[in-house]
Amino acid sequence: MLLQGKTWKFGADVDTDAIIPARYLNTSDPAELAKHCMEDADPGFPGKVQPGDIIVADKNFGCGSSREHAPIAIKAAGVSCVIAKSFARIFYRNAFNIGLPIFECPEAALAIREGDALTVDSAQGLIKNLTKNETYQATPVPEFMQQIIAAGGLIGYVSERLRGAEQGVK
Amino acid sequence: MAMTITEKILAAHAGMDRVEPGQLINVKVDLALGNDITAPVAVREFERIGVKTVWDRERVVIVPDHFVPNKDIKSAEQVKGLREFVRKHNLTHFYEVGRMGVEHCLLPEQGLVGPGDLVIGADSHTCTYGALGAFSTGVGSTDLAAAMALGETWLKVPESIKFVYNGELPRWVGGKDLILYTIGRIGVDGALYMAMEFAGPAVETLGIEGRLTMANMAVEAGAKNGIVPPDEITRRYVEGRAKRPYKFYQSDADARYAQVIEIDVSKLEPQIAFPHLPENTRPVSEAADVIIDQVVIGSCTNGRLSDLQLAAEVLKGRRVNNNLRLLVIPGTQDIYMQALREGLVEQFIEAGAAVSTPTCGPCLGGHMGILAKGERALATTNRNFVGRMGHPESEVYLCNPAVAAASAVLGRIAAPWEVE
Chain B
10 MLLQGKTWKF GADVDTDAII PARYLNTSDP AELAKHCMED ADPGFPGKVQ
60 PGDIIVADKN FGCGSSREHA PIAIKAAGVS CVIAKSFARI FYRNAFNIGL
110 PIFECPEAAL AIREGDALTV DSAQGLIKNL TKNETYQATP VPEFMQQIIA
160 AGGLIGYVSE RLRGAEQGVK
Chain G
20 MAMTITEKIL AAHAGMDRVE PGQLINVKVD LALGNDITAP VAVREFERIG
70 VKTVWDRERV VIVPDHFVPN KDIKSAEQVK GLREFVRKHN LTHFYEVGRM
120 GVEHCLLPEQ GLVGPGDLVI GADSHTCTYG ALGAFSTGVG STDLAAAMAL
170 GETWLKVPES IKFVYNGELP RWVGGKDLIL YTIGRIGVDG ALYMAMEFAG
220 PAVETLGIEG RLTMANMAVE AGAKNGIVPP DEITRRYVEG RAKRPYKFYQ
270 SDADARYAQV IEIDVSKLEP QIAFPHLPEN TRPVSEAADV IIDQVVIGSC
320 TNGRLSDLQL AAEVLKGRRV NNNLRLLVIP GTQDIYMQAL REGLVEQFIE
370 AGAAVSTPTC GPCLGGHMGI LAKGERALAT TNRNFVGRMG HPESEVYLCN
420 PAVAAASAVL GRIAAPWEVE
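Protein sequences appear in the order of chains B and G. Numbered per the numbering used here, the first sequence spans residues 10 to 179. Numbered per the numbering used here, the second sequence spans residues 20 to 439.
Okay, chain B solo, but in the shape it has when bound (with noise of 0.2 Å):
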């Protein structure tokens, strides 16, 4: 799938309580936590987000708390994709198993800045920064974890190894 978007830029060490303030956790209604989406490290983004935007962060993103609140309100504000140098290990798995894309790719979060306008191949992991001319090559996707993705998230993947299961395949 081609992604393509313009950024917004963030820091590092970006945690989930910047991305969702746990003051909003009394309700998991994605379009509820999309209006508080990155309140706490910009409170303007969800104003000005738009769909299929990308945001670009610095190491460690999505450090902290276990909420996947922070990935569906990222998904929910129509992001595309989140580009980091690094991303906090739950958040990682958080964002695969609800289908919300994410690249590992250190050159790009250095060289990409904020507004520029990109193009990502989210199978090859190619990103390509139209505004600066520049690709960039992501960190390879572990194959189970692409297995999951084309399921379409963790569930997905859980019911059809279940559905296998009774029907004695493997």
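Since the hints were derived computationally from the structure, they do not count as laboratory data. No residue lacks a Cβ here, since even glycine has one placed at the ideal position from N, Cα and C. One should not assume that every hint holds.
Said to hold, decoys possible - Quick look at which bits of chain G chain B covers, simulated, 3 or more residues with Cβ under 8 Å:
#: 1; region: 57-63
#: 2; region: 92-104
#: 3; region: 204-214
Unchecked claim - Below, a list of computed lysine-lysine pairs in the DSBU-like style, where the Cα atoms sit at most 30 Å apart:
#: 4; chain 1: G; residue 1: Lys99; chain 2: B; residue 2: Lys44
#: 5; chain 1: G; residue 1: Lys99; chain 2: G; residue 2: Lys175
#: 6; chain 1: G; residue 1: Lys107; chain 2: G; residue 2: Lys47
#: 7; chain 1: B; residue 1: Lys18; chain 2: G; residue 2: Lys392
#: 8; chain 1: G; residue 1: Lys93; chain 2: B; residue 2: Lys57
#: 9; chain 1: G; residue 1: Lys175; chain 2: B; residue 2: Lys94
#: 10; chain 1: B; residue 1: Lys94; chain 2: G; residue 2: Lys181
#: 11; chain 1: G; residue 1: Lys71; chain 2: G; residue 2: Lys99
#: 12; chain 1: B; residue 1: Lys15; chain 2: B; residue 2: Lys94
#: 13; chain 1: G; residue 1: Lys90; chain 2: G; residue 2: Lys392
#: 14; chain 1: B; residue 1: Lys141; chain 2: B; residue 2: Lys94
#: 15; chain 1: G; residue 1: Lys99; chain 2: G; residue 2: Lys262
#: 16; chain 1: G; residue 1: Lys266; chain 2: B; residue 2: Lys44
#: 17; chain 1: G; residue 1: Lys392; chain 2: G; residue 2: Lys47
#: 18; chain 1: G; residue 1: Lys392; chain 2: B; residue 2: Lys44
#: 19; chain 1: G; residue 1: Lys392; chain 2: B; residue 2: Lys57
#: 20; chain 1: G; residue 1: Lys90; chain 2: B; residue 2: Lys44
#: 21; chain 1: G; residue 1: Lys181; chain 2: G; residue 2: Lys71
Given chain B, work out where chain G should sit, using these hints.
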């Protein structure tokens, strides 16, 4: 081939003789945990899978602890949904207000986790149980949903970093200071995707509660799990308490580590983490003169009985400063009862503190002590991110319970020896 304790537990749960760092494996889980924030999402995803029952009604544990006693209608509805799920699936381990505790204080105390277990929980501080020699790690709600259906999860075998704490612990220095110092040294992503193995003479002399505090904050260095090799202290804690059989694993002497970091604790001071990251640590003597508005003693990091005993020792016969409020939150009902029997609660109240039923409340800015714009808190909790305890323009400093108590008396960040 030599393996670390983490690798051995993972191999055993994958049904394999050995595993290597980087390997993706499927493992059986001994216990799966959710709370009132993460479990509602897990229940929604579980129902999408289309299975009729959970994999084992004895091994799915639900602890509403974040917004309880419920702070508003929405959070009440979240817990109501959980109760319905628990009844439908007849789950054994659901902990209601009045019989509950902060999840990571409650599970070890109730013997639900033990050495050699593999536990996943939809809460990042699930890594706490590594203190008992278990592999335990935080996951999200969808991972929890899959584990509730299958009793399995997938994991990447982490590399391990071994931390060896040498020397004798100075007075007023405990598990919280060791872990804050360690995070200060390696950074909040210093152990990203890795296992932190805590060893050495200073850890061996720490009680289980100090070890639980250390393992609890492994995630604050980005780690997948924190783990302490089980020993006689572990055995004494779990004997007669563990509800299931347990097994002690040990790292081989020639196990491979990504890094071995030696730390001399003999000159260490109590540590303070400054806003807005747990890695911004300084010795308490370099933190004086920070005026504070609120002190919180509690949470899954430092809400255990020994924490309350330490705070009470410092507070004894003294008064909370007029310009601040002190909140004390025992981690579980049992801890609360013990604190009552030992007279600690009376001491806290006489000193001018508010003592609460167990809740995660203020730790994550949920309720029971939210900060206004510009306010500063000193807390024995585990995170001091922007807005963590309330307004995005408030500040949180982290410390051990003795420092918290001394600071509550003096109205500014203070070392315990300043009130002696």
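List, from low to high, the hint numbers that the structure doesn't satisfy.
5, 16, 17, 21
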